[in-house]
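Generate coordinates for the entire structure from the input sequences, incorporating the hints supplied.
Protein chains: 2
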Amino acid sequence: MVRKIVVIGSGAAGLTAASAAKRRDPEADVKVFTEDEYIAYSPCVIPWVLEGKLTWKDIVMHDTSFYTRERGIDIRTGTKVTAVDGTSKTVTADGTAYEYDALVVATGGSVFRPPITGVDLKNVFVVRTIGNGKEIEKAMKGSEKVVIAGAGVIGLEMALSMRHRGKDVTVIEMFDQVIPRIADKDIAEHVQRYLESFGIKFVLNEPMSSVCGDAEVKWVTAGNKKYECDMLILATGVRANLEIPRMLGLDIGKLGGVVVSNKMQPYRDGKLVDDVFVAGDVVQCESAVGTGPTMSQLGSTAVKQGLVAGKNAAGADAVSGAVASPWVTVIGDVHVAGTGLSENLAAQYGLKVVSGKAEGFTRARYYPGGKRMTVKILADADTHVMIGAQLIAGEDATGRIDWITEAIIQGTKAEDFLAHAENAYCPPTSMVRDVVISAVDDLCNNLKR
Amino acid sequence: MVRKIVVIGSGAAGLTAASAAKRRDPEADVKVFTEDEYIAYSPCVIPWVLEGKLTWKDIVMHDTSFYTRERGIDIRTGTKVTAVDGTSKTVTADGTAYEYDALVVATGGSVFRPPITGVDLKNVFVVRTIGNGKEIEKAMKGSEKVVIAGAGVIGLEMALSMRHRGKDVTVIEMFDQVIPRIADKDIAEHVQRYLESFGIKFVLNEPMSSVCGDAEVKWVTAGNKKYECDMLILATGVRANLEIPRMLGLDIGKLGGVVVSNKMQPYRDGKLVDDVFVAGDVVQCESAVGTGPTMSQLGSTAVKQGLVAGKNAAGADAVSGAVASPWVTVIGDVHVAGTGLSENLAAQYGLKVVSGKAEGFTRARYYPGGKRMTVKILADADTHVMIGAQLIAGEDATGRIDWITEAIIQGTKAEDFLAHAENAYCPPTSMVRDVVISAVDDLCNNLKR
Chain W
6 MVRKIVVIGS
16 GAAGLTAASA
26 AKRRDPEADV
36 KVFTEDEYIA
46 YSPCVIPWVL
56 EGKLTWKDIV
66 MHDTSFYTRE
76 RGIDIRTGTK
86 VTAVDGTSKT
96 VTADGTAYEY
106 DALVVATGGS
116 VFRPPITGVD
126 LKNVFVVRTI
136 GNGKEIEKAM
146 KGSEKVVIAG
156 AGVIGLEMAL
166 SMRHRGKDVT
176 VIEMFDQVIP
186 RIADKDIAEH
196 VQRYLESFGI
206 KFVLNEPMSS
216 VCGDAEVKWV
226 TAGNKKYECD
236 MLILATGVRA
246 NLEIPRMLGL
256 DIGKLGGVVV
266 SNKMQPYRDG
276 KLVDDVFVAG
286 DVVQCESAVG
296 TGPTMSQLGS
306 TAVKQGLVAG
316 KNAAGADAVS
326 GAVASPWVTV
336 IGDVHVAGTG
346 LSENLAAQYG
356 LKVVSGKAEG
366 FTRARYYPGG
376 KRMTVKILAD
386 ADTHVMIGAQ
396 LIAGEDATGR
406 IDWITEAIIQ
416 GTKAEDFLAH
426 AENAYCPPTS
436 MVRDVVISAV
446 DDLCNNLKR
Chain E
6 MVRKIVVIGS
16 GAAGLTAASA
26 AKRRDPEADV
36 KVFTEDEYIA
46 YSPCVIPWVL
56 EGKLTWKDIV
66 MHDTSFYTRE
76 RGIDIRTGTK
86 VTAVDGTSKT
96 VTADGTAYEY
106 DALVVATGGS
116 VFRPPITGVD
126 LKNVFVVRTI
136 GNGKEIEKAM
146 KGSEKVVIAG
156 AGVIGLEMAL
166 SMRHRGKDVT
176 VIEMFDQVIP
186 RIADKDIAEH
196 VQRYLESFGI
206 KFVLNEPMSS
216 VCGDAEVKWV
226 TAGNKKYECD
236 MLILATGVRA
246 NLEIPRMLGL
256 DIGKLGGVVV
266 SNKMQPYRDG
276 KLVDDVFVAG
286 DVVQCESAVG
296 TGPTMSQLGS
306 TAVKQGLVAG
316 KNAAGADAVS
326 GAVASPWVTV
336 IGDVHVAGTG
346 LSENLAAQYG
356 LKVVSGKAEG
366 FTRARYYPGG
376 KRMTVKILAD
386 ADTHVMIGAQ
396 LIAGEDATGR
406 IDWITEAIIQ
416 GTKAEDFLAH
426 AENAYCPPTS
436 MVRDVVISAV
446 DDLCNNLKR
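Just so you know, the protein sequences line up as chains W and E, in that order.
Convert by adding 5 to the 1-based position in the first sequence; the result is the number in this note's numbering.
Convert by adding 5 to the 1-based position in the second sequence; the result is the number in this note's numbering.
Worth flagging that the hints you see were computed from the coordinates, not collected in a lab.
Take the hints with a grain of salt, since some may be wrong.
Chain copies aren't distinguished; within one or between two, either way the pair holds.
Claimed, not checked - No farther apart than 27 Å at their CA atoms in a straight line, the calculated lysine-lysine pairs in the DSSO-like style are these:
| hint | residue 1 | residue 2 |
| --- | --- | --- |
| 1 | K62 | K357 |
| 2 | K58 | K376 |
| 3 | K9 | K62 |
| 4 | K190 | K27 |
| 5 | K62 | K139 |
| 6 | K58 | K172 |
Following this line, the structure appears as C-alpha cells:
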C-alpha cells in the first residue's frame, strides 16, 4: 500500500522533509500544503537582495513543477490548511480532506508584532518571505528614512542593506546592546561601532513605544523621543505558528514551541504521537549545553530537523541531537558568528561563566590579505565545560564556529580541548596556531584563577 | 635558584618552547642554540616568497634582539651544539659547556636525500630554510627547466611557484599519484589535473634513478627516460635530526623519531627521562586514530608540542594529546586539506575503510562568488568511527577540516556525527546544510550497505 505523507509548510524544514521522505520511500504519495506563493528559497538572503547583490529570481532555486517532475512531490502553494484531524488522520485544504499515514508539521514562525498602536500602518514591514521583501523593495523607492525595530541579526543585516541603498537608518533596540540575546556586550559593541562607521544610528535601552502616522507611518517613539521615518521594519523576533499544532492538541513547551523527541515526534498530554513529525521554527528542542529546552529557529536547524522528520515519516529511525545553534552573519566586510550560550543566556540559566579571548589573524601574520580575527570562548566555571563562543573575523568565520560547535556538542572541557585540539596550517589560510586554540588557552588560564 | 633551561633548535617547536618556558617562569635563564642564521619564520611560506608574493624580510617576524629585549631569551644563532651530556646535564657549544636544569630538544628534521649519485651536484636544492630559499632564488635567474623530485605538498607548492615564475616544470613521483601518503587517489587526481592546466608535467610511478651533469645538474633519469633540467628541487620528505637525541641515548621509535610521552618527555631504555623534553619534527607521537605511532612533522604540531615542552620544562604539567595531523595547502585558487588517515595509510594499518563524499559550494548555491567544494570522509568499516577526511574547495577549507579533525580526535562514529553535527549558516558563507555534513550523510548510507 502506498504510504501517504502530508507536509504542512514549505520552508526549509517542510521542503527538506518532503524530499527526504520521498527519497527514503520512492513509492510514497507526498503532498505539501503551503500558504506561500514562492517556495525553495532562503528567507535569510532577503537583505542582500534588497541591497542589490542578487535578484529575486536568483534566490528561488525551484518552482513547484521541479518538485513534481524531478522528485514526484505534489506541492500546493497559496493553500491554507483549514483543519487537521489527528483521529481520522486527515488534513483539510481547499475544502477537501486528504488522508495521511504520516504528517509533517513545519508551519514555521511569524515575526512578533509588538502590541503597540500603529504597527498595522502602511509602510510597516516584516522580513520573512519574498512577498515581504518585494513590498519593502517597492516602498524603498519613495523612502528616505528607515527605522528598524530590533537589533538582532536580521535587524542589523537590514540596517546595512538599507544604508547601502542610501537611506537614513536608525535602529531601535530595547536592550542595551545589539544582538542582545546571543552575543556578548564586548563583541556586540565591536559590531555596533562598525555599523556606526557607515552612518547607521542606534537607540539602545529603549523599547519602541508607539508607531504614528495617518495612513502611513510618519514617526515612531522610543524613550519619549520621536524618530521620523517613512518606513518601519519590524525585526522583533519570531514566534512559532501554533495554529496547526493546537488543532492536533500537541503539547506546547514553556518557550512557545512544540515539544519534540529526538526523532522529531511531538507529544499529546505527555505521550508520544506516532504518526506526526514536527520540525523547524515551530519546534522547541533540547539545548546541547544541558540547559533544557531552546528555540533554535535557524535555517540550518530547520534543514537538519526536516531531514530527520521526513526520513522518519517514511519509516526510518533517524535522530536529531540536542542543538548548540551556531549562527553567522556577514555585516559589510565582517563575519560575526556565535554558538551555544552567550553570557546573557548563561546568566538566565544561573550558570557562572569564565571566558577566554584571543586576537589574531585569518592568515599567517605576515601573509598578504589576512584579516583580523577575535575569538571569545565561554566555559561553565564549575565544570570547565565549553558552553559558548563568539567570533568576529574579516573572513572564514563559519568553519571555525562549526569547529567550536562540535567541541561544545561533545561536552568538551576547556583543558581537554587545549590538550587535543589541532588546526591545519598554511600561511595563506591560517596562523600556525589558530586563534580559536589561543582563545581556549586564555580560557584555561582564566579558569585556573 | 634560577632555573636554567636550554633549548636546542629555533624552529616552530624550539622558539615556541623557549617563549612558553619564559612565560611560565619569568625568572628562568632560557638559552636557545641554533645552527640557523635566521629565526622566527615559517619555512612553509618559502614557495610563496619564491613566487614573489612576499619578500624574505616580510616573513622573518623577529630577530634575536627582539627575543633578548622583549622576552629575556638568549638566542645563539649559527651555533652548533657539539656535545650533550645527560648525566652532568650540560650542553656544549662554541667550546663552552652550559648547564641545564631542563633541556628542550627541538632539532627538527632534514630533507631526505635519495641515495643516488649526483644529488650533491650544483643547482640541486632542498626547501627547508631561508638559506635554501635564497639559494634557489639566485639560481632561478639563469634557470629555464626545473625538475621537482617528490609530489607531496611541498613539491606541488614549489612546482606551481616555479611555473608562475615562467619555468618549465616537471614533477617526478615514485608513487602513482600526487600527495601519495596523505591524500586519496580521487582527490589527488583532481589536484594533478588542476596543476596540469598551468602546464606542469608529471611523471608518476617512477622513482628518480639518477642525477646527472658535470659540476651542475643537467638532467635526471626516471624509468629509463631523461628529463633535462638546470635546477633540481628535492621535495623527498623529511627525516628527524637524531644526532642530539642519540648523544642523550634517547629511545628512537620504529618510524625514526624520538618516542615521547604526552608531556613531551622522552624515554631512555624504556624509562621516562625527567629533565628532557622533545618537540616538533624530531618526535614520533601517538596517532589520534588509534593506529599507534606517527610522524606528524607539521608546523602546527611543532607549535602545539613546543608549547607543552616549554611549559613543562619550566615546571608545568601540560599535556599534548594524540594527533590527527590536519593539513592544508593552497594550490593556485584551490584549497586542499586533509586530516587523519588517507585510504593508503588506512590500508597500511590493515583497516577496512568505507568512505562518503559530497559536492557543493562554499556559499549558498545561488550566492555570488561561491566556490565549489568537495568533501570526502573515511570511517573504519568495523567500528564506524571517523578516521580521516579530505576537502578541496575554492575557499574556506581550513576551519572545516579543523571541524572534522575535532570529531576524529574525539573518536566520533559517523552516525553520531550525523545526528548531532550542526553548521552555522548565512548565504554569503555557507550552504544551509554544509557539504561536510552531507558527506557524512553519504558515509552513513554507505556504511549501511
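When no copy is specified for K62 and K139, does a C-alpha distance of 27 Å or less occur within a copy, between copies, both, or neither? within (12 Å within a copy, 54 Å between copies)
If the cutoff is 27 Å on CA atoms, where do K58 and K376 land: within, between, both or neither? Let me know, please. both (23 Å within a copy, 17 Å between copies)
If the cutoff is 27 Å on CA atoms, where do K62 and K357 land: within, between, both or neither? Let me know, please. So K62 and K357 fail the 27 Å test inside a copy (48 Å) and across (47 Å) alike.
What label fits K58 with K172 when the C-alpha limit is 27 Å: within, between, both, or neither? within (17 Å within a copy, 40 Å between copies)
27 Å Cα threshold - placement of K62 relative to K9: neither (32 Å within a copy, 69 Å between copies)
Give the relationship of K190 and K27 under a CA distance limit of 27 Å: within one copy only, between copies only, both, or neither. For K190 and K27, the Cα distance exceeds 27 Å both inside one copy (45 Å) and across copies (34 Å).
In the structure shown, a violation is registered for the earlier hints numbered 1, 3 and 4, in ascending order.
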